[in-house]
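Engineer: The numbers in the UniProt record's numbering rise by one with no breaks, and the one at position 329 of the sequence shown is 329.
Be a bit skeptical, because a hint or two may be false.
Beta-carbon label-pair distances, calculated as ranges [unchecked claim]:
| id | residue 1 | residue 2 | range |
| --- | --- | --- | --- |
| 1 | D13 | F186 | 30 to 40 Å |
| 2 | S268 | I9 | 22 to 32 Å |
| 3 | G8 | I197 | 44 to 54 Å |
| 4 | L366 | N411 | 22 to 32 Å |
Calculated directly from the structure, the hints in this document are not laboratory data. Given the structure is predicted, the values throughout are model-derived calculations rather than measurements. C-beta atoms are modelled at their ideal positions from N, C-alpha and C, and glycine is treated no differently.
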Amino acid sequence: MELITDPGILFLDEPTTGLDSSTSNAVLLLLKRMARQGRTIIFSIHQPRYSIFRLFDKLTLLAAGRMLYHGPAQDALEYFKSIGYECESHNNPADFFLDVINGDSTAVTSNKTEEIDIENIDDHLNRDKTLAEKLAEDYINSVYYQETKAELEKLPSGSQRKTVFRSITYTTSFWHQLKWVSRRTFKNLLGNPQASIAQLLVTVLLGVIVGAIFFDAKDDPSGMQNRVGAMFFITTNQCFSSISAIELFIVERKIFIHEYISGYYRISAYYFSKLMADLIPMRTLPSIIFTCIVYFMIGLKPTAGAFFIMMFTLMMVSYTATAMALAIATGQSVVAVANLLMTIAFVFMIIFSGLLVNLKSILSWLSWLQYFSIPRYGLAALEVNEFVGLDFCCTNTTLTNSSCIKTSMCNGEEYLKNQGFEPTSWGLWQNHVALACMTVIFLSISYVKLCLMKKFS
Numbered sequence: 001m002e003l004i005t006d007p008g009i010l011f012l013d014e015p016t017t018g019l020d021s022s023t024s025n026a027v028l029l030l031l032k033r034m035a036r037q038g039r040t041i042i043f044s045i046h047q048p049r050y051s052i053f054r055l056f057d058k059l060t061l062l063a064a065g066r067m068l069y070h071g072p073a074q075d076a077l078e079y080f081k082s083i084g085y086e087c088e089s090h091n092n093p094a095d096f097f098l099d100v101i102n103g104d105s106t107a108v109t110s111n112k113t114e115e116i117d118i119e120n121i122d123d124h125l126n127r128d129k130t131l132a133e134k135l136a137e138d139y140i141n142s143v144y145y146q147e148t149k150a151e152l153e154k155l156p157s158g159s160q161r162k163t164v165f166r167s168i169t170y171t172t173s174f175w176h177q178l179k180w181v182s183r184r185t186f187k188n189l190l191g192n193p194q195a196s197i198a199q200l201l202v203t204v205l206l207g208v209i210v211g212a213i214f215f216d217a218k219d220d221p222s223g224m225q226n227r228v229g230a231m232f233f234i235t236t237n238q239c240f241s242s243i244s245a246i247e248l249f250i251v252e253r254k255i256f257i258h259e260y261i262s263g264y265y266r267i268s269a270y271y272f273s274k275l276m277a278d279l280i281p282m283r284t285l286p287s288i289i290f291t292c293i294v295y296f297m298i299g300l301k302p303t304a305g306a307f308f309i310m311m312f313t314l315m316m317v318s319y320t321a322t323a324m325a326l327a328i329a330t331g332q333s334v335v336a337v338a339n340l341l342m343t344i345a346f347v348f349m350i351i352f353s354g355l356l357v358n359l360k361s362i363l364s365w366l367s368w369l370q371y372f373s374i375p376r377y378g379l380a381a382l383e384v385n386e387f388v389g390l391d392f393c394c395t396n397t398t399l400t401n402s403s404c405i406k407t408s409m410c411n412g413e414e415y416l417k418n419q420g421f422e423p424t425s426w427g428l429w430q431n432h433v434a435l436a437c438m439t440v441i442f443l444s445i446s447y448v449k450l451c452l453m454k455k456f457s
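From just these sequences and the hints, can you work out the full model?
Structural biologist: Structure (structure tokens):
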């Protein structure tokens, strides 16, 4: 995974651990090819066999926090020979170095003047420490140390180095990252389709139930009431069904932080890929299906324009509610907290939707809250779309019908004016503009919180 960013320097911690000899050799051959392409590879390794050891360009040996050798790997045997430790011809160089450092080599044993007293472990440990100090001293007095020191002195000072790591760069473009992150996101979605399938099934079932309850609404006062009730329920349902979006950035929080810090992709690529994976299957398709079911079962205005406007309105309500859910949930680590905040926000929004209380009668110091209500814009758009041009007065053919109640509002325009809605084209589309603006604002908030997530994690 770390190779996704095409790093100039690659750090590995025992890359051969748990691998058999053949696989370990294949891994090191791959690293060797990468090094020949100009990439610096630094790794720790435990007792490599000779076929692996001979692939090393540089070797660093450490003991007790001291550097015992740093230089060309193939010169290490000659160096140790020069300070009195010679490797036997049949011995693996890597094993030989470990023996020398740990004081277990035959070369070390030949230099000992006394046997190790098993009961005096402290003296043995002190002797090993003295050996590490002696080897470190020998290295400091060697030409390899002088060469390493000269190389380090060529590096820029600390004040000049600060500008090197000031910005993060990516080897791939935004569109390339968006393509592959989106592909992974949709693949995960298809691999775990339970949530999407459940959402669609619930949408179909709920659509049939709502259509059956408000079936075939008439053009009379009771039909007007049924239409308003149906639209209020539909709008409210679109809002509450978007609560599932709160998990979008919470479930993968740790994965995102790790991958972003590692430089796998831009935040924007991840953000838009998650949006597409949620808005298309979880918001767009349910809105289309729900509209197709309830529109004809309720018997709303029989025009293609009104049908598609209602479909578009439900999508916009769902998008805005989803955006608000993301704005609240992004950065949260507990789903229950975000769920509670979303529920409280929607409850207050429903109060100012325009059905439970007449918006014109609200006190002036509270009336401004209606402009932050998502259901208010959705319900207003649906009512203007449906009621303009409809007549709800009792006709001669319906006077004998007991369900026909006398009302002072004979047409849809009068009802809309009474509710504080403009029965005009702008009165319709201003609600969509408001929803679009709220969507952009909420998405911007969630994006900023996503950018800050790494900083405060």
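Engineer: Could you work out which earlier hints the structure fails to respect and list their numbers in ascending sequence?
Structural biologist: Failing hints: none at all.
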